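*Asks:* Take a look at the letters that make up each chain.
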Amino acid sequence: MSMSDWNIVTRSMRTRTFSSIVTILSVAIAVGLVTLLISMRDAGENSFKRGTGNVQMLISKEAGPLPSVLNSMFYASPPTTPITWAQYLELKRSYPFAWAVPTQLGDSYLDAPVMGTDESFFESFQPAQGTDWTLATGVYFDKPFQVVVGADASARLGLSLGDTISLEHGAPRSEGGHTHDEFSFEVVGVLESTGTAHDRAIFTSLDSSWIIHAHDRREAIFGHGITTSIDDLIHEDMKITAVYASLGDRKGALVQVLSALLRDPNWTVASPADTVGNLFSIVSNIDQVLLAMAIAVMLSSGVSILLALYNSMEQRRKQIAVLRVLGASRPRVFSMVLTESAIIGLIGGAIGLALSILGGLIVTNVLAQRVGIVIEPALPLDGYLMIVLASVALSCIAGVLPAIVAYRTSVVRALRPAM
Amino acid sequence: MTIRFDVQNTETTPALRISSLAHRYASSGTPALQIDALTLDPGEQVVLTGSSGSGKSTLLHLVAGLMDPSSGTIEIAGEDIHKLNGHARDRFRGRSVGMVFQTHHLLTGFSAEENVMAALMFSDIPRGSHRERARTLLESLGIPTPAQRVERLSIGQQQRVAIARALACDPALVLADEPTASLDPDNAQVALDLLQDACRSSNAALLCVTHDQRFVDRFDRHEHLASPLEQLQGALEGA
Chain Z
5 MSMSDWNIVT RSMRTRTFSS IVTILSVAIA VGLVTLLISM RDAGENSFKR
55 GTGNVQMLIS KEAGPLPSVL NSMFYASPPT TPITWAQYLE LKRSYPFAWA
105 VPTQLGDSYL DAPVMGTDES FFESFQPAQG TDWTLATGVY FDKPFQVVVG
155 ADASARLGLS LGDTISLEHG APRSEGGHTH DEFSFEVVGV LESTGTAHDR
205 AIFTSLDSSW IIHAHDRREA IFGHGITTSI DDLIHEDMKI TAVYASLGDR
255 KGALVQVLSA LLRDPNWTVA SPADTVGNLF SIVSNIDQVL LAMAIAVMLS
305 SGVSILLALY NSMEQRRKQI AVLRVLGASR PRVFSMVLTE SAIIGLIGGA
355 IGLALSILGG LIVTNVLAQR VGIVIEPALP LDGYLMIVLA SVALSCIAGV
405 LPAIVAYRTS VVRALRPAM
Chain E
512 MTIRFDVQNT ETTPALRISS LAHRYASSGT PALQIDALTL DPGEQVVLTG
562 SSGSGKSTLL HLVAGLMDPS SGTIEIAGED IHKLNGHARD RFRGRSVGMV
612 FQTHHLLTGF SAEENVMAAL MFSDIPRGSH RERARTLLES LGIPTPAQRV
662 ERLSIGQQQR VAIARALACD PALVLADEPT ASLDPDNAQV ALDLLQDACR
712 SSNAALLCVT HDQRFVDRFD RHEHLASPLE QLQGALEGA
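Listed in order, the protein sequences are those of chains Z and E.
According to this note's numbering, the first sequence is numbered sequentially starting from 5.
According to this note's numbering, the second sequence is numbered sequentially starting from 512.
Hints in this document: simulated from the structure, not taken from any laboratory.
From a predicted model like this one, the values you see are computed outputs, not experimental measurements.
Errors might be hidden in some of the hints.
As the list claims (entries may be wrong) - Straight-line distance between alpha carbons at most 20 Å, and here's what the computed DMTMM-like set of lysine to aspartate or glutamate pairs gives:
{"#": "1", "chain 1": "Z", "residue 1": "Lys322", "chain 2": "E", "residue 2": "Glu689"}
{"#": "2", "chain 1": "Z", "residue 1": "Lys53", "chain 2": "Z", "residue 2": "Glu380"}
{"#": "3", "chain 1": "Z", "residue 1": "Lys53", "chain 2": "Z", "residue 2": "Asp278"}
{"#": "4", "chain 1": "Z", "residue 1": "Lys147", "chain 2": "Z", "residue 2": "Asp115"}
{"#": "5", "chain 1": "Z", "residue 1": "Lys322", "chain 2": "E", "residue 2": "Glu662"}
{"#": "6", "chain 1": "Z", "residue 1": "Lys53", "chain 2": "Z", "residue 2": "Asp136"}
The shape of chain Z in the complex, shown without the other chains (with noise of 0.2 Å):
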């Protein structure tokens, strides 16, 4: 083989290896992250209003809108304040609701949260808009002390058909909560992933949910040892935490409905999308806010390409000069300078690329985990082109200086044998 540009240019880079893996990183960093908030800025949106589902009205006895979505749609955390089953009737009475399913939350399976609800919870409400609960494998429950498994509970925790579980009273590693070992649940059925929050939750008869937590109130009075059955429930023990409402189509409806129940001050009520919409447009203020510092990132970037190629010409110029010698034009060692800047831009393109993707598994993760959005944040193919292009511009941009210092050498000058 012999030499080319394309040797020197690589070869000069690998003489000084710090440097250009340095300079590297540096692209390397403020591409992935351009990249990963350009990404996950629609995706966040997006798969937050996706997890609404069908809901129009989430009812609820929290602070406000943003908590009571959060936590009752999102899970959260576990809602504080409950509504009794006495009040969910007296409401479900008072509207004209096309459905309104009780959702009650505050117990756990390892990291899993358990929602409690009953059969309408499958066949009214869809967990994103125009999609229906599919079962991978089973049946729904229809009796208590069965749960079916969100996708991505059961593939996190292991969980299949026929396995039997103990929950945990309480939120997800909290503090306080207690196993109820007395009561073995079934897994009875395997939910079809639906890319919301829902994937990660496993879901029983609200009925299963009250005997746990009557089973606690009767201990406190007769002891240990106890057993406690459907028939030992009382009022105090039958609370769910919200109420996924819609009208249907009568959008008329809707409106008067909702401003009964907000001038209702028994009532938290939240249009989960809006509050969504809102929550967004906070958060796009700080995205842009992220967005300006990424590219002020690019940006020192693209300096520090400029600065550890102007700074190697001071070692290069003799390199430069000896090339002259040999027979390279001006514009021929100017054009390896830009060409050693576009290396730089494209490597550092490539793996800043490489880095917004496993950050965005990263904060998939995160997000899944902590607050229950389940993103998927990903760029066009031809977006993340664009990205890798305008990397490998902004790094010839940063280039042209130091190839016109390299233009410029003289070659007499640079050959002077040192006094």
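Guided by the hints, dock chain E onto chain Z, whose structure is given.
*Replies:* The following block gives chain E in isolation, referenced to the frame of chain Z:
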């Protein structure tokens, strides 16, 4: 784009012809060099001596087309190098002029053969033959390990690589600027032997600048370059 140089038959055309050459320092305007005529035939070996500041190195830079003279012409193999501009001049220099420096000026980080192939990069010699050509040249000059990086070679071996690089493109003219100054007497002797033999075998003219009078007799011709001040003094004494 193919650039054609009007290179005449080197058997009949001098390898180097300098006429009425004068060069002044751009900053001060004082004369730096004055040569009325100097001709080297193909394969001829000329040593040029002169006191410090006589303009020996400046002459080599002018001949290589790295500087432009104030006046006069310099023809290499019949081509006035200073009439060529930019890319054409660089290509012509790469093909027609080989240079050997006092401090070798090899490309560090590259092997001996890569240094020779770097010169071939800018020639019209087919790329497929570059490595073989470089190895053959290096072997003939006594470098048995062409893949060795040049900074790991001895000073004497580095000088041989520099000679191989200067002759890689079969130049019409080789310019050597104090080629023995950094070598001990034994190595200097060997290096000059190699340089002169290599030029002879490729019929390249050799213009060697040195201040070392010991080697003057080894060349076909000895020219002394007087500084403009010495020339003026000589003229005054003559008058």
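*Asks:* Each hint needs a verdict: does it hold in this structure or not?
*Replies:* A quick look at each hint next to the structure:
A C-alpha spacing of about 18 Å is found between Lys322/Z and Glu689/E, which places the hinted pair at or below 20 Å, so the restraint holds. As the CA atoms of Lys53/Z and Glu380/Z are separated by approximately 13 Å, the hinted pair is consistent with the 20 Å bound. Annotation: proposed proximity of Lys53/Z to Asp278/Z holds, straight-line Cα distance about 9 Å (limit 20 Å). A hinted pair counts as satisfied when its Cα atoms are at most 20 Å apart, and Lys147/Z with Asp115/Z does not qualify at roughly 24 Å.
Distance check on the hinted pair: Lys322/Z and Glu662/E sit about 15 Å apart at the alpha-carbon level, within 20 Å; holds. Pair hint Lys53/Z plus Asp136/Z holds up; C-alpha atoms about 16 Å apart against a cutoff of 20 Å.
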